[in-house]
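K.L.:
For reference, the chains in residue letters:
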Amino acid sequence: MSKKLIHGLFDDDDILMDGVKAVRQKGYEIDEVYTPFPIHGLDKAMGLKPTRIAYASFAYGVFGLLFASWLTWYMMISDWPQNIGGKPNQTWLQNMLAFTPIMFELTVFMAAHLMVWTYFFKNKLYPGQKAGNPDPRTTDDMFMMEFIFEGDSTELESILKESGAVEVNVKEIKDTTGNQLWFKIPKTAVVLIFALSSLTSCSSSDEPQREPNTVYMPDMYYSVAYEPYSADPNGVDGMEARIPADNTIKRGYVPYEIPDTNEGYQEALDSLKSPIATTDETLKKGEYLYNIYCISCHGINGDGQGKLVQNEKYLGVPSYAPSRLPNITEGSIFHVETYGKNMMGSHASQLTSQERWKVAQHVLKLRSQLK
Amino acid sequence: MHYESDIREPLILGDKSYGDITRDVAAPVEGKANKMWWFVFSLALIAFLWGIGVMAYTVGTGIGTWGLNKTVGWAWDITNFVWWVGIGHAGTLISAVLLLFRQKWRMSINRSAEAMTIFAVVQAALFPLLHMGRPWLAYWVFPFPNNFGSLWVNFNSPLLWDVFAISTYFSVSTVFWYVGLIPDFAMIRDRAVKPFQKHIYKIMSFGWSGKAKHWQRFEEVSLVLAGLATPLVLSVHTIVSMDFATSVIPGWHTTIFPPYFVAGAIFSGFAMVQTLLIIMRKVVSLESYITIQHIEMMNIVIMLTGSIVGVAYITELFMAWYSGVEYEQYAFLNRATGPYWWAYLSMMTFNVVSPQLMWFKKLRTSIMFTFVLSIIVNTGMWFERFVIIVTSLHRDYLPSSWSMFSPTYVDIGIFVGTIGFFFVLFLLYARTFPVIAQAELKTILKSSGENQKKLHKHE
Numbered sequence: 001m002s003k004k005l006i007h008g009l010f011d012d013d014d015i016l017m018d019g020v021k022a023v024r025q026k027g028y029e030i031d032e033v034y035t036p037f038p039i040h041g042l043d044k045a046m047g048l049k050p051t052r053i054a055y056a057s058f059a060y061g062v063f064g065l066l067f068a069s070w071l072t073w074y075m076m077i078s079d080w081p082q083n084i085g086g087k088p089n090q091t092w093l094q095n096m097l098a099f100t101p102i103m104f105e106l107t108v109f110m111a112a113h114l115m116v117w118t119y120f121f122k123n124k125l126y127p128g129q130k131a132g133n134p135d136p137r138t139t140d141d142m143f144m145m146e147f148i149f150e151g152d153s154t155e156l157e158s159i160l161k162e163s164g165a166v167e168v169n170v171k172e173i174k175d176t177t178g179n180q181l182w183f184k185i186p187k188t189a190v191v192l193i194f195a196l197s198s199l200t201s202c203s204s205s206d207e208p209q210r211e212p213n214t215v216y217m218p219d220m221y222y223s224v225a226y227e228p229y230s231a232d233p234n235g236v237d238g239m240e241a242r243i244p245a246d247n248t249i250k251r252g253y254v255p256y257e258i259p260d261t262n263e264g265y266q267e268a269l270d271s272l273k274s275p276i277a278t279t280d281e282t283l284k285k286g287e288y289l290y291n292i293y294c295i296s297c298h299g300i301n302g303d304g305q306g307k308l309v310q311n312e313k314y315l316g317v318p319s320y321a322p323s324r325l326p327n328i329t330e331g332s333i334f335h336v337e338t339y340g341k342n343m344m345g346s347h348a349s350q351l352t353s354q355e356r357w358k359v360a361q362h363v364l365k366l367r368s369q370l371k
Numbered sequence: 001m002h003y004e005s006d007i008r009e010p011l012i013l014g015d016k017s018y019g020d021i022t023r024d025v026a027a028p029v030e031g032k033a034n035k036m037w038w039f040v041f042s043l044a045l046i047a048f049l050w051g052i053g054v055m056a057y058t059v060g061t062g063i064g065t066w067g068l069n070k071t072v073g074w075a076w077d078i079t080n081f082v083w084w085v086g087i088g089h090a091g092t093l094i095s096a097v098l099l100l101f102r103q104k105w106r107m108s109i110n111r112s113a114e115a116m117t118i119f120a121v122v123q124a125a126l127f128p129l130l131h132m133g134r135p136w137l138a139y140w141v142f143p144f145p146n147n148f149g150s151l152w153v154n155f156n157s158p159l160l161w162d163v164f165a166i167s168t169y170f171s172v173s174t175v176f177w178y179v180g181l182i183p184d185f186a187m188i189r190d191r192a193v194k195p196f197q198k199h200i201y202k203i204m205s206f207g208w209s210g211k212a213k214h215w216q217r218f219e220e221v222s223l224v225l226a227g228l229a230t231p232l233v234l235s236v237h238t239i240v241s242m243d244f245a246t247s248v249i250p251g252w253h254t255t256i257f258p259p260y261f262v263a264g265a266i267f268s269g270f271a272m273v274q275t276l277l278i279i280m281r282k283v284v285s286l287e288s289y290i291t292i293q294h295i296e297m298m299n300i301v302i303m304l305t306g307s308i309v310g311v312a313y314i315t316e317l318f319m320a321w322y323s324g325v326e327y328e329q330y331a332f333l334n335r336a337t338g339p340y341w342w343a344y345l346s347m348m349t350f351n352v353v354s355p356q357l358m359w360f361k362k363l364r365t366s367i368m369f370t371f372v373l374s375i376i377v378n379t380g381m382w383f384e385r386f387v388i389i390v391t392s393l394h395r396d397y398l399p400s401s402w403s404m405f406s407p408t409y410v411d412i413g414i415f416v417g418t419i420g421f422f423f424v425l426f427l428l429y430a431r432t433f434p435v436i437a438q439a440e441l442k443t444i445l446k447s448s449g450e451n452q453k454k455l456h457k458h459e
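If you read the sequences in order, they're chains A and B. So for the first sequence, my numbering puts the first residue at 1; every next one is plus one. So for the second sequence, my numbering puts the first residue at 1; every next one is plus one.
Here chain B stands alone, though its shape is the one from the complex:
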């Protein structure tokens, strides 16, 4: 029944049984956190608290506390927003697109990748909220009957499309994630010994029983959600890119933005998954499930999307020259050789050159190299957004209003705060949630488990 070619590498290493998978996945939840966890958690918490402090200062005083000026009206806030949203693309891509393609290797990484997605989108959402200046009026972005003359939102605006795209993406991803989590919460519930734990997981698991009819619906729902989430994930960064592309700023007003942004988002999202999972597999002893092969597969995706991003950068330069538009040409000349040349150079090196190293099998199967590269890629992607946003704005049509942007401690604090918040959420998740979709993983044990593969070989 469960045969697969010997040429395919096993996805589950070691002599594992169904029970072993259960125990391995439940172990981090049932065990106790050690000092190291507390140490890292405290660090993240401190960064988060600092972030809350400067956010409160921003709300109380106004966004004049940021480094924005008359010329550069969008800078770190939107850079960080796009960066976090981009990172939040890998999770749904792994769980939805790879499900449709029946890629079995997604199964041991999709849960954490989706968690990362959701936590990243939470960080992203903070930035437009703060930039509003009056976050308590944030509900004004939704079309609701009101007494302000019953004035409606503007459905022609890409910023409103963004509201709909991000909120749909966030809520659908969360639901997709939770539907998959329910059977795994049930597993932890059924193993729990302490009454308090059992009670919590009983609530979280919604009384899951594992009946045949429920599993049948479960699989159908997963498939349909994957089919819905696939165009959704592509639409989100497309619409984010339209925030720029529908305006008439040289350097922004280009039709290449949607595919270019989507590729960049997948690129950075996978890099963040690598960063987190390389640590997590070690910390919670899941090396048998998140194998070198998984890391290699993700590296190949990083290489591919990195190359697409590289082609997009070069196409942009070509189009600036080919268009014959003086302002467009200057915008790109200024990016590469103007006062922000260092940001452009970092972007080019980190995003275009570094992923090409993945052509070497030795490098893409090296854990240490992958980890370092994943951080380089995410730094590069931050610079990409910074370059697109700030260098396009800082020299406008009127040379007398040319200016530079320098972040204040509040800008930096909010960014560091969101990184802290992200890690606080992820560390809490790693201690309380089943970090691998164990129910799904069990379905491929017989076809892709190392011991099973050996068994068939000798038959």
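With the rest of the complex left out, here is chain A:
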């Protein structure tokens, strides 16, 4: 016996649904139904299992969330922690709030894209794939049941006809109808597009005339005197502004007069004393600041094994231990914090002098715990 390909064509979705039910009632299995649009309930009527693609999408979303968590942890915490705006930077959890936008976006990204890839893969859809529908009318207004049938099909054919099939075929038919209309754009639309572009593009003119044509009492408007900070041939230094008097300081600034030299370092080491007493409160503040500004290189114990050292981003960070740095005092620590030393940069712009003294207290505390 040879196999037959039976196509029942319907011209209405409701009639098709009734037909599907009638055929199934008689015990025939439908191999495929081709429709121009999704028909609700057709999958159930045909006995198709529900799709599990939404579960797949959930799994992809979870993957995206985990991936984003790992990405932010690895780059911002583990591999290269950075002090950004003086915020804690050593644990992922403390930084997580700033990472939520990234975590959300990557969750959506993975859930959406991987689901669509799965959809294409499961449906075998890809560019260049041949059209899968046997009859081109099934993307227009025809609905088709397909049977691959062995044996006598007269009963099936009659069921199809009774349930309202407009055609029952064993062969494929090709039919294309062309219908062409003219593409018209009314003139008013063109004028309005013009209006749109001119309205938005001319909202600011190229060279606006800012100065009025006449000025009342121009001497009052245009200063005869030199502007501050402008060049002034008669000025003391050839400029209008004068250099501030010696020992002028900006507001709130505490001067530090020991110079950034080897002698200066020695002077700080020998004689510089902290203006603030060591208390639990100052130690706590010093530890807090240390754990933001110093920890990435010097490490939480002050052993010079911060993450950046462990990851070999920077090398040569010494331990505070007396065996490695036998000769440091709070004065020399403050000096180094202020000016930096070797690879280390100045922290004077990030920490006030009060804060630097508190950090120095914490460094000494760490040093006493190291061997």
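Rather than coming from a laboratory, the hints here were simulated on the basis of the structure. Glycine is no exception: its CB is placed at the ideal position from the N, C-alpha and C atoms. There's no promise every hint is true.
The calculated lysine-lysine pairs, modelled on PhoX-like cross-linking and capped at a C-alpha distance of 25 angstroms, are [stated by the list, open to error]:
id, chain 1, residue 1, chain 2, residue 2
1, A, K26, B, K213
2, A, K124, B, K198
3, A, K285, A, K87
4, B, K213, A, K4
5, A, K3, A, K21
6, B, K213, A, K21
7, A, K4, A, K130
Covered by chain A, according to a simulated footprint, are these stretches of chain B (three or more residues, beta-carbon under 8 angstroms) [what the hints assert, rightly or not]:
id, region
8, 35–41
9, 203–211
10, 226–233
11, 276–283
Got chain A sorted already, so can you dock chain B onto it with the hints?
P.N.:
Chain B in isolation, oriented as in the chain A frame:
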């Protein structure tokens, strides 16, 4: 099976069958463009080419060609960026949020609205790219293993969040759009007579067959994508607003920004959809599908979001006064009465006053009025971004550095160029893509078609 209350207006007018929908949607693709299309297309192309010219000049010479100065370091570029991204919000909102709410009226407008979204985001993306100055290094914004000491991007920065938000939004919107397009490309493929056309649409339609299992997956994928795209679309403008809100400039540093920006984005996005669809429905004879009712629905959304934006403006003023912060108070006083008072006044009139006219049914069902208003709204929304950005920056804490911003021809040229590029893309789309999601539309013909509704009435 397909009953719906008579009180609901039909969404498909006239005596349409499934075949009629197919023919009406395929007509603009199968027909030929007339002189008018070529005329408008040429205009858009000229604007686009001019845009390319000034963009090349910007890249070659540097962004010193723009009108920026020491005080106003962000101006038209970011204004245009936010404007375009905002416009790009309506598409996904229509296709995702309205799908979740089962609003049938989205079906005849979602395709074009999404196309508009994607084309608008393309324009938006050009501005940060150009502002980088060295666009060929744009890939540095992505976290990839590198030899610059393996230095990573800064995940704490709102600007990087923006990179992730916009690229996720753009790619997910495109995929959502394309998944819906596949069955409609298949329809055009199956009707195509010329071999070249047939071949192109065969590639584009990925071999779609319309099998029951495929449709089942199609519907599930659409639903899940809608569920994913809904928070996504809200997140994008939230994150855009954080570019401003996380900085400490008076006038920017405010928690109202995320909801306020999202409402504004939907507001301008719907206005752009109106602008485009009112022309398109006429040009490609789709008045039966994009009806007055659709226009009215969108006008109601415009009215609602316009009112939210209005409330936000007034809340900002109130908060400036209530905060007691002198600088915040001055920032808002300066906005309203300073040298940029005209921009503030335009923003207030166009965005707050004009949408209130939509309370009148006669006006919101008038096509001409809607069209004019949609353009007014988008102009107003451009001014909103300009006001927020330039007036907050141009008078900083140091009066000696106060300055004004005036755009150069390069600033204007890039903006006009993106408008041209946008219309080039949209006009090409309207000639080659099925502009209505016809497969989806066919599912509501029986419940919301005019002839079907009449039929049930007489039963």
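K.L.:
Hints first: check each against the structure and report whether it holds.
P.N.:
Here is what the structure says about each hint:
1. Annotation: proposed proximity of K26 (chain A) to K213 (chain B) holds, straight-line Cα distance about 22 angstroms (limit 25 angstroms).
2. Restraint check: the Cα-Cα separation between K124 (chain A) and K198 (chain B) comes to about 20 angstroms, which is no more than 25 angstroms; the hinted pair holds.
3. Restraint check: the Cα-Cα separation between K285 (chain A) and K87 (chain A) comes to about 14 angstroms, which is no more than 25 angstroms; the hinted pair holds.
4. This hinted pair checks out: K213 (chain B) and K4 (chain A) have alpha carbons roughly 22 angstroms apart, not beyond 25 angstroms.
5. A distance of roughly 23 angstroms separates the Cα atoms of K3 (chain A) and K21 (chain A); the hinted pair therefore holds under the 25 angstroms criterion.
6. Taking the CA atoms of K213 (chain B) and K21 (chain A), the gap is about 17 angstroms. The hint holds against a cut of 25 angstroms.
7. Between K4 (chain A) and K130 (chain A) the alpha-carbon distance is near 22 angstroms, which keeps this suggested pair within the 25 angstroms criterion.
8. With a cut-off of 8 angstroms between beta carbons, the region 35–41 of chain B has 4 residues touching chain A; three or more are needed, and the interface restraint holds.
9. Taking a C-beta to C-beta cut-off of 8 angstroms, the region 203–211 of chain B contributes 9 residues in contact with chain A, enough for the three needed, and the coverage statement holds.
10. Coverage of the region 226–233 of chain B by chain A holds in this model, with 4 residues showing a Cβ closer than 8 angstroms to a Cβ of that chain against a need of three.
11. A stretch counts as covered by a chain when three or more of its residues have a beta carbon under 8 angstroms from one of that chain; for the region 276–283 of chain B and chain A the count is 3, and the coverage holds.
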